[in-house]
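Since the structure of chain E is provided, determine the placement of chain Y on it from the hints.
Number of protein chains: 2
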Amino acid sequence: MTLAFQDYYPERFSHCFGCGRSNPHGHQLKSYWNGEDTIARFTIPAMYSGGVPDNAYGGTVASLIDCHGTASAAAFASRAQGHELGGEQEPVRFVTASLTIDYLRPTPLGEEVTVTGKLISAEGRKVRVALTLSARDAVCAKGEMLAVQFGG
Amino acid sequence: MTLAFQDYYPERFSHCFGCGRSNPHGHQLKSYWNGEDTIARFTIPAMYSGGVPDNAYGGTVASLIDCHGTASAAAFASRAQGHELGGEQEPVRFVTASLTIDYLRPTPLGEEVTVTGKLISAEGRKVRVALTLSARDAVCAKGEMLAVQFGG
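Which chain is which? The protein sequence lines are E and Y, in order.
In this note's numbering, each residue's number is its place in the first sequence (first place is 1) plus 530.
In this note's numbering, each residue's number is its place in the second sequence (first place is 1) plus 530.
Chain E on its own, in the form it takes in the complex (with noise of 0.2 angstroms):
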């Protein structure tokens, strides 16, 4: 089985609520390479509705965007760096400093949801990833995160 980037967040930092494997109550977002690229997927339940009941509000909508853009930087960093999330060395973490989302249409619920992750860069403590949060084929969302590395 493949362990997800989040898998290797050590235990003091898993208790987000869009993707920490200790917080019971949230979405526990799991990310993956995909070739050079990263995903996710995931279906939003319905309590998530925007003001209409159908569709996800805007708020989870930036969650998702923003945990697997963060995890996705620390995945491409740790490649950058020439290793690799799960190697010997201690995962790095990224948090966010800036994050655009322009939504382009409805997000729909109930329904698997697909959020990609690519490199723009990445250079000393800043990267810089480009996201789409996609749903039949159409992209829903676009986001462009700068995520900084801290501690380490």
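Please keep in mind that the hints were generated in silico from the structure rather than gathered at the bench.
Each statement offered as a hint is correct.
If you want a taste of the chain E side facing chain Y, the calculated C-beta under 8 angstroms gives, among others:
1) S544
2) H545
3) H555
4) G580
5) G581
6) Y587
7) G588
8) C597
9) T626
10) S628
11) D632
12) Y633
C-beta: ideal position from N, C-alpha, C; glycine also.
Just chain Y now, with coordinates in the frame of chain E:
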């Protein structure tokens, strides 16, 4: 009792997890006038932690800014058009086209945070809003939203 902007949303648009009065699972954020600007107050429950248990995860920060932003856009647009939410006209509703958030410092859980909105511009169906989320008189996150009116 002063009604919040969200209290004027028609029933069919009242199901948002972030601010819908008809969503029993959600935050039910309430936004109000504060002079020429807007304000909402909220205490983030412990379950919405980030990687560490003491701080909010980025998704909740984005959620509060997003919901306060679209509510503020509706209020600003109504006033710019010479009427007020809660007047005789059908309330205008706005959706987020684009949202940028800069995360400046951790957002605490379990204590009141304040979200503010300031009108940048209102042109036709497009409203730009500057947003902040603060705790203990320090700004934790800044946002800028482009909101677009729909329907009507």
